[in-house]
Amino acid sequence: MNAFALLFLIAGLGLIGWLTGRARAVRFDRGARGRVNSLPSQHGWYVALWTLLPALLFVAVWSAVSPGLIRQAVLEHPAAAKLSDFAFERDAVIDEAGRVAADPRASAFNPIAAELAPAVREARSRYGWMGGGTAMLLAFAGGAFAFSRLSVDFRARTRVERWVMLILLLASLIAILTTIGIFLSLLWESLRFFSAVSPVELLFGTHWSPQVIDPKHPGASLGAVPLFWGTFFIGAVIAMIVAIPFGLMSAIYLTQYAPARVRAWMKPMLEILAGVPTVVYGYFAALTVAPAVRNLAVALGDTYASSESALAAGLVMGVMIIPFVSSMADDAIAAVPTAMRDGSLAMGATTSETIGRVLIPAALPGVVAGVLLAVSRAIGETMIVVMAASGAANVTLNPFESATTVTKQIVDLLTGEAEFDSPKTLAAFALGLTLFVITLLLNIFALRVVKKYREAYE
Amino acid sequence: MTDRVPSSPKMSARGVNVSYGGTPAIQDVSIDIDMENVTAFIGPSGCGKSTFLRTLNRMNDTIPSAKVTGDITLDGEDIYSAAMDVVQLRARVGMVFQKPNPFPKSIFENVAYGPRIHGLAASRPDMEAIVERSLKRAGLWDEVKDRLSDSGTALSGGQQQRLCIARAIAVDPEVILMDEPCSALDPIATAKIEELIHELRGRYAIVVVTHNMQQAARVSQRTAFFHLGQLVEYGATDDIFTNPRQERTKDYITGRYG
Ligand SMILES: Nc1ncnc2c1ncn2[C@@H]1O[C@H](COP(=O)(O)OP(=O)(O)OP(=O)(O)O)[C@@H](O)[C@H]1O
Ligand SMILES: [Mg+2]
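Chains as they are written, first to last, in our numbering: chain A, 1 to 458; chain L, 1 to 258.
The set of hints was computed from the structure by calculation and includes no laboratory data.
Keep in mind it's a predicted model, so treat the numbers as computed, not measured.
Just so it is clear, CB atoms sit at the ideal spot from N, CA and C, and this is done for glycine as well.
Check the hints yourself; a few may be wrong.
Examples of chain A residues lying across from chain L (beta carbon under 7 Å, computed) [claimed, not checked]:
no. : residue
1   : MET340
2   : LEU345
3   : GLY348
4   : ALA349
5   : THR350
6   : ILE355
7   : GLY356
Based on the sequences and whatever the hints tell you, model everything.
Here it is as structure tokens:
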């Protein structure tokens, strides 16, 4: 059954449930006091929710499960015996059969796919009807059950409240479950990678050249240390050398010196800076900053300076992070009680002495946490490095030389002619997982520091 | 509790008005504060006691909307004149706040803070001497002498307040302003602070804002009663409490409002 039609039908049943529930409640005998526990529309909602939610939940589960069932059914078809044992090829053929089955005009490239197409079509329709029928049945049963419970004394109002809470809970769980899902899929692909290459080779190997991989020993050219170094050098060193002083100083100016009028337009301006799409920074890095940095390097005598230097990417990334550091530091400084500031000023300290000796030390944990969050953003940042950093994996301390980052390499590994299943592409997932874990740890640590710090001043 | 005859006043205010963003908070206050006596400011909440107190060391400068007019002098010098250095003024007129506000530093560093920014100690032993003397004067030395490197915020509320007093006297001020210094403290800690005020009397000119009538009577020799932004009556504490000239003062101290 067509999914759209199914949802439409369920919604229709829900509406009917609402109307009948309400209509029934309207006719309840209100008794002598003329007051009822719940309003008619609440009875209506109670029936409607019972009609809709179980059915919709079933549809959600079914749509996750049924592709597997269909695949199972197709594999049992006699023609499937001719399929290759090689998982990757087999999946490709089944996918093609699916496409052919959906669109009768499409012609199959692979003859087995053409043979399998009717089986796919048949299985789809069978499971479609099965799922659709069950969903409708559930909707009907749920509605009937709810309808049968309605009475004058029935507390539809509190029941509806409970359902509402459940819906809100589900909505908030979805974001969390999605994160977990992403993590699991990343983990899954990474495990496939690690079956070919040992984690030790990836994490501690110093030679990175995915273009030339020895099929017998892929790990030898997949050592990610140069990438980690480049990521750290660009995101946590160069970018922070820019972002920390400027971010901190702007936060100090904004919280301590700026008159209300200046603050009123300057803070939003900074926040707008945070909203600039990173690809715009990427242009800026590649077209303006990179040539300037190269010219500077040449002027300093480094004639072989790269036009894709670590410095160019890092500088622009630092600028991008400034508003982030500034707003975290702003919060941290603003959280220091005014009494502390007044205490220092009343001792005859100047504003800058007060900032340096009392406010910054008191706000330090918050500022450090903000910087860590900024680092975690910087090392996950992709667009700037894709556009401005180089692909050459160097371990260098010279900012004018080129360096590459984890994110840049992930993009390079996954774009172009990707053969999925090769250690080369799977390496992208393992790198992604590593990055995910590192930023996750940074964030957890930073948020804990922030929390501790907040508690200290409550 | 005798009202020693004041010599020339340490600080004097003439026709002082303060407004916050155009709303007047105190109007036309004139008062003399002398070295020999402890002066108490009393009055119902919101009458402008803190506001006036803060004009005496220009702490109102830190509130952008506050505007001060009138004359205030310290030893005859106009403290609002361009020639007056606020930093020096606040070193000479110290302040203790309602809520103890030690810095998140060690006890030693809290007391050393002022001497350090004003360059009062030439050497480490000098600094140690200043810290010890200040803590002794604040009556805190015996309780903390073995743990000077502990954080000032780890002390009890009453100890924190005495630490703040020690911090204020470490720079050898001439005047100490205290804004309800005991309102966050229990009776025992309060008694300690009151005793301390007694001991400090004569060495510094002291002004204490308080809501507690008995406290005003106990610690001060002169009392100023504020009401609705005006200074209603100012005189010897004994007179104010036993024989007020103004009806409003009498109503307030007998508890008819406030
Ligand atoms: N920062 C400020 N901004 C605006 N108005 C203020 C500010 N501080 C005080 N005021 C106003 O000035 C008036 C006097 O306040 P002030 O704090 O001096 O009173 P107070 O006598 O110290 O009261 P309390 O005994 O409650 O401490 C009040 O009406 C108050 O609302
Ligand atoms: Mg006050």
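Hints the structure violates: just list their numbers, smallest first. 6 and 7
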